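Asks: Here is what each chain is made of, one letter per residue.
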Amino acid sequence: MSGSRSRRSAKAGLPPGSLVHVGKHAAGKATITVATYDAGEFRIKESSSVEECFSLVDPSRVTWINVDGISDAKTVEAIGTHFNLHPLLMEDVMNTDQRPKMEDYDNLLFLVVRVLSPGNGTGGIESEQISFVLGDRCLISFQERKTDLFKGVIDRLQMVRSRVRKSGADYLLYSLIDVVVDNYFVILERMGDNVEEIETKLISGGRVETLNALQKMKKDLIYLRRSVWPLREVLSGLERGESRLISGTLHVFFRDIYDHTIHAIDTIETLRDMLSGMLDIYLSSVSNRLNQVMKVLTIISTIFIPLTFIAGVYGMNFKNMPEIGWPYGYPAVVVLMVFVSLAMLYYFKKKKWF
Amino acid sequence: MSGSRSRRSAKAGLPPGSLVHVGKHAAGKATITVATYDAGEFRIKESSSVEECFSLVDPSRVTWINVDGISDAKTVEAIGTHFNLHPLLMEDVMNTDQRPKMEDYDNLLFLVVRVLSPGNGTGGIESEQISFVLGDRCLISFQERKTDLFKGVIDRLQMVRSRVRKSGADYLLYSLIDVVVDNYFVILERMGDNVEEIETKLISGGRVETLNALQKMKKDLIYLRRSVWPLREVLSGLERGESRLISGTLHVFFRDIYDHTIHAIDTIETLRDMLSGMLDIYLSSVSNRLNQVMKVLTIISTIFIPLTFIAGVYGMNFKNMPEIGWPYGYPAVVVLMVFVSLAMLYYFKKKKWF
Amino acid sequence: MSGSRSRRSAKAGLPPGSLVHVGKHAAGKATITVATYDAGEFRIKESSSVEECFSLVDPSRVTWINVDGISDAKTVEAIGTHFNLHPLLMEDVMNTDQRPKMEDYDNLLFLVVRVLSPGNGTGGIESEQISFVLGDRCLISFQERKTDLFKGVIDRLQMVRSRVRKSGADYLLYSLIDVVVDNYFVILERMGDNVEEIETKLISGGRVETLNALQKMKKDLIYLRRSVWPLREVLSGLERGESRLISGTLHVFFRDIYDHTIHAIDTIETLRDMLSGMLDIYLSSVSNRLNQVMKVLTIISTIFIPLTFIAGVYGMNFKNMPEIGWPYGYPAVVVLMVFVSLAMLYYFKKKKWF
Amino acid sequence: MSGSRSRRSAKAGLPPGSLVHVGKHAAGKATITVATYDAGEFRIKESSSVEECFSLVDPSRVTWINVDGISDAKTVEAIGTHFNLHPLLMEDVMNTDQRPKMEDYDNLLFLVVRVLSPGNGTGGIESEQISFVLGDRCLISFQERKTDLFKGVIDRLQMVRSRVRKSGADYLLYSLIDVVVDNYFVILERMGDNVEEIETKLISGGRVETLNALQKMKKDLIYLRRSVWPLREVLSGLERGESRLISGTLHVFFRDIYDHTIHAIDTIETLRDMLSGMLDIYLSSVSNRLNQVMKVLTIISTIFIPLTFIAGVYGMNFKNMPEIGWPYGYPAVVVLMVFVSLAMLYYFKKKKWF
Amino acid sequence: MSGSRSRRSAKAGLPPGSLVHVGKHAAGKATITVATYDAGEFRIKESSSVEECFSLVDPSRVTWINVDGISDAKTVEAIGTHFNLHPLLMEDVMNTDQRPKMEDYDNLLFLVVRVLSPGNGTGGIESEQISFVLGDRCLISFQERKTDLFKGVIDRLQMVRSRVRKSGADYLLYSLIDVVVDNYFVILERMGDNVEEIETKLISGGRVETLNALQKMKKDLIYLRRSVWPLREVLSGLERGESRLISGTLHVFFRDIYDHTIHAIDTIETLRDMLSGMLDIYLSSVSNRLNQVMKVLTIISTIFIPLTFIAGVYGMNFKNMPEIGWPYGYPAVVVLMVFVSLAMLYYFKKKKWF
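Which chain is which? The protein sequence lines are X, E, Y, W and H, in order. For the first sequence, the residue numbers in our numbering are 1 to 354. For the second sequence, the residue numbers in our numbering are 1 to 354. For the third sequence, the residue numbers in our numbering are 1 to 354. For the fourth sequence, the residue numbers in our numbering are 1 to 354. For the fifth sequence, the residue numbers in our numbering are 1 to 354.
In short, the hints are calculated from the structure, not lab data. What you are looking at is a predicted structure, and each value in this text was computed from that prediction instead of being measured. Don't take every hint at face value.
If chains are identical, the list can't say which one is meant, so a pair holds when it fits in one copy or spans any two.
Keeping only pairs whose Cα atoms sit at most 30 Å apart, straight-line, the calculated BS3-like set for lysine-lysine is [as the list claims (entries may be wrong)]: (1) 146 <-> 352; (2) 24 <-> 146; (3) 74 <-> 166; (4) 352 <-> 218; (5) 295 <-> 201; (6) 295 <-> 216; (7) 295 <-> 352.
Take the sequences, apply the hints, and build the full model.
Replies: And the structure:
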């Protein structure tokens, strides 16, 4: 729910558009990667100086500026100022707990998506925010920290004949979002495996840890759903061609990732349904097993209590108890006891009580 | 959730339009069946050579190309290239975990539906993907593996006076989807029978296996729902005549299968409602039966404990216990014990405790 | 879920428009009733010969053809052929497990509604399908079997000054649907009474049969809902005047039955809510009563166990037990026992444990 | 669900527009109150003769006719005939189990609302139907029985300078509906108090009566919801100015009662949410308390059973039991028993078992 | 649900537009703060005299009138009369239990929002109503009591170069609502911390107090949701530019707070989901722990009952019991007892019963 670093509430009272980082990954200095390309040539340069980066932008070619480490407010602000971005847009870039959204700023398209990654160690899910600002021949992407998520796209950019190399900034945006959505399936399949593993454990007898794993997975799915669900609307808007910055031939591509998103949401819902079915099974099996134990214990007591009573009777000290004096009194009573216990066992067995 | 063969996550990082098979049935070579017909003549040829198939296509007549075994990427790609199909369309054909959908590619209509079949052996449900590409006088269908699902349609095509023989490729498409939807009812009636069978078992006393059967059926219904539900939108689109490739006289036919789909969804929802009602009954009956047992056991104990106490009293070794010496002390105590136990039984009976 | 006679799955593989009866009531020959009327005259004739019926149709007057027993495929087909009805329409007439719907065939209006009747004997709900085909001056109604549902309408038709006599076939259709919807309230009030009866039983102590009755009623309501809910859309369409076969002055009448249907749906939802509240009460009261019993039993045991212990102490055979020799040892112990048991009873009472 | 008097099912089979009273309050003769007013003068007359009432209507001034006791079919019919009201409208007036609705009859507006009142004695909720027919300068209101609900409006009508006196029949309609909606809050606050009272009882320990009160309140809320929810749509229609009989300046007034209705619905939903939370607490607290009792009882038994065993050992009659002969054997055993019981108590205490 | 002071039901029967305060905070006299500013100058004056305030209004500059303490009906009415506000608007200002809403009065925009604050002491949530009336160059805000919520905005107004100083009354409105929405996150993060705290407590073993805290938090969330949810629609209306009083350049700003509101609603839903998951865990862990205790107790009893039986056997007084006379009879029985108890312990251990 709440990260340990910078929280949203820290912004209460500040004027709108204040650039305050909200999020977990407070890295130091941002790294800026500038790539410019056209069909003929591809150049890429990594730097941490903003001015050097700006000098690399070439208006006659497609430019991709990727910023890793948005907690570095100074760098982000310099970029915002240089490209004349709206203060609220810049504020959204630095608030890393946003839900996916698309906003149309006259000559710019602003997109927020969330990329998922398995949490380190404990097995949960983590999500990071990636913001895109799409201009005419320019795409700026902001990431929370340096990852190799977009490595495949850079590789394709380096190939002379690849489609992305021959297309504009809108196709580059599509390629990057495609990577993000494809990545969801890696997470979802991992979760599907986990669900099956938990199910196997449940069948062989549930324990408290299984319940905790189940609840944790449920929480992860709530979180996942929140990250993926709103992306649906965003992509539906892009597919319908709401923005003039996306060329018409790309609508079929955005429809494709829209379909993938629907597929991911479907899978999330199915996993949720399966988990709640498993919770029912777990609770039922736990109470079943315990009740079974209690039943057996109670049956043991129930068999011995009448026997103890019989023994008690012949332990009475009445002077006038004829049976006491009989030579076969004792064996007779033992036989009686054996008979009573066998009769009870037979009765319980017949009633299928154990 | 996840097949053991090729998974979707294997595609993460690849450029869009990469033809990688995702699914369970990785057969070897694809089989292609080409049928051409008009009112006068019907010819059908099965082959595994792509070139031979292309040579059979007759633009003056209706052509139906059926591909069985889409894991054969080479054949699928050859067909895609020959008919100039969009790379994303070809990618969707090979991803066999798609939800039903319809996509309009200018001069083509692309449809994905799912056909259901009872899983072999264990009794679950399996679903396979069938993709249709409808052109002007041409229909291409892609199936995961060879089945005799469309045998009835081929039979009707061979009859000179059948409606399908005299109509275009759109009517053929309708006939094939009609077969798929009719097939749902075979599965659904089988599941309805299962539900009734489980219900009968529940009334005669639920066991853990019944619960497992119930949960498995619930999972099957989730899966079924996912396969059938999106078909509703697809058929609603066809019925409303969104595509110019479907002639107006066919709208009433597509409305008919739309109705059948609604009917199928209705049945699924009813089965779901019934299953959850049965889970309630199951849990209630299990706990009821167990409690009944515990009650009887406790009653037995409760009757014997006071008796044992009485025996204990007269087992005390006090020198001065007048009753001990009475000649009828022992029978009197036995009578007392019988009276106490009968009184308790009567009281429990009157209170309807057993 | 599934009738014992003819099932829908029997149709899988047949060409669309095949006239195969799907349903429970497979009567023999159909009975056809033809009524023709105008403001001046009313004539009615019952026959089982199709040709005789056709000869009675009078195009200058309003004609109502009522067919009882649609399992007689030959008769139904003859009527379809004579009036040139669409094959899919005829197929829908014979499939008696349809949900209510309205379809517009150019010059015809096709309506399917479901009429409810209390199941014979066991107390469940049964529903039958009635199909209407409304033409210009002609109405054909298809019923599964002969009932006296429409007797009241025929009576009104025989009265010279009745509104239905002076109006067209559309008002006749309205009158018949009105009868069907009014009939729902008979069923719903019967169910409301049942619910109240079950509730009374629950308050006086629930039993397993009550639970079964509750679950059966729940199932009936699911079934009912499925039959009534889609009628809402059908009537909403008629009220909004979507068909040119319904004259404008009738819209207010269809709005009226639309309101009645909403009312019926409302009642169904309320009954459902009440039933699920009752299930909670049932489960709670059953577990409460059982726990009460267990508590009393346990209290009895708990009181006697310490007493038995005291008796056990003085049953020990130690040579040196001074109390044994005391003249008032025995009465003292009895007094002690009485005191202990009274103290425990007082404590339990004070703690409100019984 | 069903009143004891006249039920809706009694109407099945009757022609549409039949005036049959459906409802609980079957009073004898209706009372008619006719009020006519303009800015200058206000006259009011109560009568039970229909003709006398009609003579009082003054077309140049605003006329309000209030009918108390709609079970008097003759009076209601006379009014319907005199004002030429549609038969279906009159039927709706007499069916007192309608949901709130608005219907537009060309030159008339027909409204049905439900007024709530605390049920007498048992504490439930009762609702009565009030129908309004709004004409150009005329408003007719039909109530089930005589109440003093509208007394405040009559008082304001008698004040020369009040807004209602200076406005038309539409403002009068608004004033009356405003009274009805304001009245909901009296009921809702009473229910809110009840909910808080039940909650207080629950915290101090729930009993079966509390559960019954809870369930009854739940039922009341279902009923309430049904009465208030559809009013939302009705008022939304009036606010949007769908009828030409409502002057434009009144839209803001109807928006105001629309807001109040939303507020009431909100409160109902909140109460429902709170009740279901309370049911959870109740069930949990009941089972908790009972389990607590069982635990203490079981602990008592568990402590005495080993002690009884020790006593049993030294009650054995073996000739050769050295301890029996020891002079301090008995005290030693007593010390052992005390030690064992203290050890067990200490262990249970440490484990926090009581 | 209901405050202790003035309730809504007190208004039933009063004419619409009656100024009766409904709410908890019945402060005495209202405090009025009037601020006027343009790019050049900023003046602020606090007063409790209405006339003095009106004299400060300067039509050539932006005026902000803030009223603290709306229970002072006289002051509120004077303001309403002076600015010619609609009586229903004034009524809404004084009814402090409104849901957020926006109303368009020709030349005015009326907004109601709710500001949340942690309840004093007990930890619940309290909400107060703030009403805004936006005119052309004038904004009036009504608060229930004096708070320092808007202090930050006043500070920014005092800075010459701040955006709010250079903009109109619409930007001021935006700034104030922005403060209100930012404030939600303070509350939500506090609740998120509470949820985590409760979760930690649950894992270390739930108690009844934890359940109560959980239920209280659930109630708070219901309340929160009711306060925030309708704000969504209000802001969506402002963002879409429904009112001409909001200049076009501000739409992007209102879209921003709209996004924040969606984010807040999302967080509320997530917290609700988490709470209900925690309730499941709580109930399961409580019953688990108790059952564990009962099982151990039952096992102790079950081990001693057969031993007591053996002791009972040799306590019988039969003359002819050979074992009694055996010299090693007693030790043999003791060994038997030890063996029996060990065998049972081993069996229970092997079955994993404890």
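Asks: Tell me the hint numbers this structure goes against, listed in increasing order.
Replies: 1
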